[in-house]
Amino acid sequence: MGKTSYVMNKYAPEDVYRVSDYQHPFDGYENQKVLLMDEFAGTLPFDQLLNVTDRWRTTLAARYHNRIAMYDTVWIVSNLPLNELYSEIERPQRKAMFRKFRQVIYMTRQGGMHRYDPNEISDYLGDPEQAPAGRFHLIGLDDSLRAEDII
367 MGKTSYVMNK YAPEDVYRVS DYQHPFDGYE NQKVLLMDEF AGTLPFDQLL
417 NVTDRWRTTL AARYHNRIAM YDTVWIVSNL PLNELYSEIE RPQRKAMFRK
467 FRQVIYMTRQ GGMHRYDPNE ISDYLGDPEQ APAGRFHLIG LDDSLRAEDI
517 I
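367 is the number of the first residue of the sequence shown in this note's numbering; add one for each residue after it.
Hints are not guaranteed to be accurate.
Unchecked claim - When the alpha-carbon atoms are kept at most 20 Å apart in a straight line, the in silico EDC-like pairs for lysine to aspartate or glutamate are as follows: (1) Lys376 - Asp438; (2) Lys376 - Asp404; (3) Lys399 - Asp420; (4) Lys461 - Glu450.
Stated by the list, open to error - Label-pair distances were calculated between CB atoms; the ranges are: (5) Gln476 - Thr424: 35 to 45 Å; (6) Arg423 - Ala378: 14 to 24 Å; (7) Glu405 - Thr474: 10 to 20 Å; (8) Glu454 - Ala427: 14 to 24 Å; (9) Glu405 - Met479: 10 to 20 Å.
I should point out that these hints are in silico values taken from the structure, not numbers from a laboratory. Please read all numbers here as calculations on a predicted model, not as lab measurements. Built from N, CA and C at the ideal position, the CB exists for glycine as well.
Generate the whole structure from the sequences, applying the supplied hints.
Take a look at the structure:
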């Protein structure tokens, strides 16, 4: 099973808004409860990503009229290693992003899967007291998650 299929099979199709156009990512959003950011390559401005993945409702910029974010779950699917997403951003800011993860799932090309739970992610962040409380999931294609990849 592929990364996108893994997410799509967890929910009813009408409940998932799949972003694949990152120039106008929210033009078609219609209050779906799950946001799937597919083939994510870090092209969304960093501050916008922080807002989109925040636990509080936010306004999503769209061309014809803005939308209110009504989703309660965000999945980010990427072929890039975690350490390559927003690598130009300073370490403290990147840590703010990674604290939003509830889980990170790595899928191998051979079909294997490894899940990292909030405590493991916090350990990698070097901040074991701060377990993520967000609704932000990431699925990547890789075999390992190393501390130096994140902090």
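Hint-by-hint comparison with the structure:
| no. | hint | in the structure |
| --- | --- | --- |
| 1 | Lys376 - Asp438 | holds, 14 Å |
| 2 | Lys376 - Asp404 | holds, 15 Å |
| 3 | Lys399 - Asp420 | holds, 14 Å |
| 4 | Lys461 - Glu450 | holds, 14 Å |
| 5 | Gln476 - Thr424: 35 to 45 Å | holds, 38 Å |
| 6 | Arg423 - Ala378: 14 to 24 Å | holds, 22 Å |
| 7 | Glu405 - Thr474: 10 to 20 Å | holds, 18 Å |
| 8 | Glu454 - Ala427: 14 to 24 Å | holds, 22 Å |
| 9 | Glu405 - Met479: 10 to 20 Å | holds, 19 Å |
Taken one by one, the earlier hints all hold for this structure without exception.
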